[in-house]
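K.L.:
Given only the sequences and the hints, what does the whole structure look like? Please build it.
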Amino acid sequence: MTDPAISTTGLRKAYGKHLVLDGVDLDIPAGTVFSLLGPNGAGKTTMVKILSTLISADGGDVRVAGHHLTREAQAVRAAIGVTGQYSAVDGLLTGEENLRLMADLHHLGRSRGREQARELLEQFDLAEAAGKPAATYSGGMRRRLDLAMTLVGAPRIIFLDEPTTGLDPRSRRTMWQIIRGLVADHGVTIFLTTQYLEEADQLADRIAVLDHGKMVAQGTAEELKRLVPGGHVSLRFADPHGFETASQGLRPISREEETLTLHVPSDGGIRSLRALLDWLDGASVTVDELAVHTPDLDDVFLALTQESESAR
Amino acid sequence: MNALHDSATMLRRNLRHMLRYPTLTLMIIGMPIVFLLLFVYVFGGTLGAGLGQAGGRADYLAYVTPGIILMTVASATTATAVTVATDMTEGIVARFRTMAITRASVPTGHVLGSMIQTLLGVAVVTGIAVLLGFRSTTGPLQWLAALGILTLFVLGLTWLSAALGLLSPTVEIASNIPMPLMFLPLFGSGFVPTDSMPGALRWFAEHQPFTPLIETLRSLLLGTPMGDNATVAIAWSAGIALVGYVWARKLYNRDPAR
Chain G
1 MTDPAISTTG
11 LRKAYGKHLV
21 LDGVDLDIPA
31 GTVFSLLGPN
41 GAGKTTMVKI
51 LSTLISADGG
61 DVRVAGHHLT
71 REAQAVRAAI
81 GVTGQYSAVD
91 GLLTGEENLR
101 LMADLHHLGR
111 SRGREQAREL
121 LEQFDLAEAA
131 GKPAATYSGG
141 MRRRLDLAMT
151 LVGAPRIIFL
161 DEPTTGLDPR
171 SRRTMWQIIR
181 GLVADHGVTI
191 FLTTQYLEEA
201 DQLADRIAVL
211 DHGKMVAQGT
221 AEELKRLVPG
231 GHVSLRFADP
241 HGFETASQGL
251 RPISREEETL
261 TLHVPSDGGI
271 RSLRALLDWL
281 DGASVTVDEL
291 AVHTPDLDDV
301 FLALTQESES
311 AR
Chain B
1 MNALHDSATM
11 LRRNLRHMLR
21 YPTLTLMIIG
31 MPIVFLLLFV
41 YVFGGTLGAG
51 LGQAGGRADY
61 LAYVTPGIIL
71 MTVASATTAT
81 AVTVATDMTE
91 GIVARFRTMA
101 ITRASVPTGH
111 VLGSMIQTLL
121 GVAVVTGIAV
131 LLGFRSTTGP
141 LQWLAALGIL
151 TLFVLGLTWL
161 SAALGLLSPT
171 VEIASNIPMP
181 LMFLPLFGSG
191 FVPTDSMPGA
201 LRWFAEHQPF
211 TPLIETLRSL
221 LLGTPMGDNA
231 TVAIAWSAGI
241 ALVGYVWARK
251 LYNRDPAR
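Chains as they are written, first to last, in the UniProt record's numbering: chain G, 1 to 312; chain B, 1 to 258.
Note that these hints are calculated values from the structure, not bench results.
Heads up, a few of these hints could be off.
Just the calculated beta-carbon pair ranges, DEER-fashion [unchecked claim]: (1) G:T220 - B:T89: 37 to 47 Å; (2) B:W143 - G:A127: 47 to 57 Å; (3) B:H5 - G:G181: 30 to 40 Å.
Partial list, derived from the structure: chain B residues whose beta carbon lies under 7 Å from chain G [to be verified]: (4) T9; (5) H17; (6) R20; (7) I92; (8) A94; (9) R95; (10) R97; (11) T98; (12) M99; (13) I101; (14) A104; (15) D255.
Ideal Cβ placement from N, Cα and C applies to all residues, glycine included.
P.N.:
Okay, here's the thing in structure tokens:
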């Protein structure tokens, strides 16, 4: 069972002349959360559609759950579950009927189907709305039902295409908890696409950044953050004199004359902060405001995707 | 076995849709009922006299009922195409495509559901014709044969309209494409005998699929001469069913647009 859950080599897809995926290589170990980050139109959804057998690729070798993507498509489908970007619930059916529909399609049998539907409704906090048509559900409820439907039949690999886009912060956190629970309790592999860097940071073991159909970076959140310089301390001075003194003594990355603010490189650690404060005390300059900025995935994302933006 | 099980599951889903959204089912029977009333009560006196042998309104009701029945079948094609096209825009069909289920079960469920819907519509419209005074002069065996041939034709037209629904990029287009089918009973022997029509139109009326179907129903319900109408009707139905089925399967197996 050391087979990767998903592996692709040289995956390519074009719509007419527009190259959407330009030779993507991936290796996702089983039981991990993999997050694909990228700006709108980077090819994230196309990637999910191909890996979930919804559309065909133009080239490359893909194996999902150890099966060849096109030659053993039904075996792949039996191992995966997909919650796409567009709500995949039947609006005219009730929440319970939607789940029972999935149970029927997985040939679970009457009593097991009913049992599983009841469990999932409970687990996803939908028991109260079980008898109402899904069309009347709120956005968050729909997403939960959508994910619950994906879980019927216990897939080993789950694709989540922007699962929290359009959800309010509370629903988003609920969703994150559910996703964490899936990995911890069932050991499933999760392939997650998102525009929210915080989401990838929160959930993913490994993150890849896709831009214009190419992988521009891959690694853990920590590894990616190390790729870009971004850690600094912002200091706003009380007077121009202190500002000038500090800008000569501290070798700032950048200075803003109007607001008397300096950005000084720093790893954000206590030791370096203390050294900085000691220096400021020694030079007797007055600082009005101090803010520590550690590099986050936003910096990584912007740096990596801007590079290719300017390269065009 | 799985194919049967999955198709039955999809059929249940489509029947639930029909129960919760009955507007389309009502639309199917609306038009034929309006035509029935219009033709029997407004034009019926004159048209009945035109049938020869001192015919009247009652004779025209008998003449037009098979045409109205076929009009109901034609009217249902729009509902089928719209239902299928609407469903294809739903995320849940994308979900079905990523599941290990029999692939053809999705269109098959639609076709079976639409056939039930169409035949129910036919039953209602026929019932209204009976209320207005329509009486069949034949027996149960002929009625059964009529139902059998009609069901085969419905199977064919439903697969064809499912294919049209799959072909349509939008629901609006799906509601327009089957429109010409609605007029075929009019440009056939549905409302007036084809020999009263001028040259080219008459040729078309005698060679399009609705005319042999209408004539077969007339023979089985009213005892008019059958000729080779039943054979031609069965051949048309089987041909349309085959083309519709193959085409719909091919369209469903394309990469979805969204």
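K.L.:
Does each hint hold? Answer for all of them.
P.N.:
Evaluated hints:
1. G:T220 - B:T89: 37 to 47 Å: Check passed, 39 Å falls within 37 to 47 Å.
2. B:W143 - G:A127: 47 to 57 Å: Holds - the Cβ-Cβ distance for W143 (chain B) and A127 (chain G), about 50 Å, lies within 47 to 57 Å.
3. B:H5 - G:G181: 30 to 40 Å: holds, 31 Å
4. T9: Since the shortest Cβ distance to chain G is 4 Å, the answer is holds.
5. H17: holds, 5 Å
6. R20: Cβ of R20 (chain B) sits 5 Å from chain G, so the hint holds.
7. I92: holds, 5 Å
8. A94: Constraint on A94 (chain B) satisfied, holds at 6 Å.
9. R95: It holds, given that the least Cβ distance between R95 (chain B) and chain G is near 4 Å, below 7 Å.
10. R97: Result: holds, 6 Å to nearest chain G Cβ.
11. T98: Hint holds; T98 (chain B) Cβ to chain G Cβ min 5 Å, cut 7 Å.
12. M99: holds, 6 Å
13. I101: With a minimum Cβ separation of about 5 Å from chain G (threshold 7 Å), the hint on I101 (chain B) holds.
14. A104: Nearest chain G Cβ about 13 Å off; hint violated.
15. D255: Hint holds; D255 (chain B) Cβ to chain G Cβ min 4 Å, cut 7 Å.
The structure fails to meet hint 14 from the earlier list, while all remaining hints are met.
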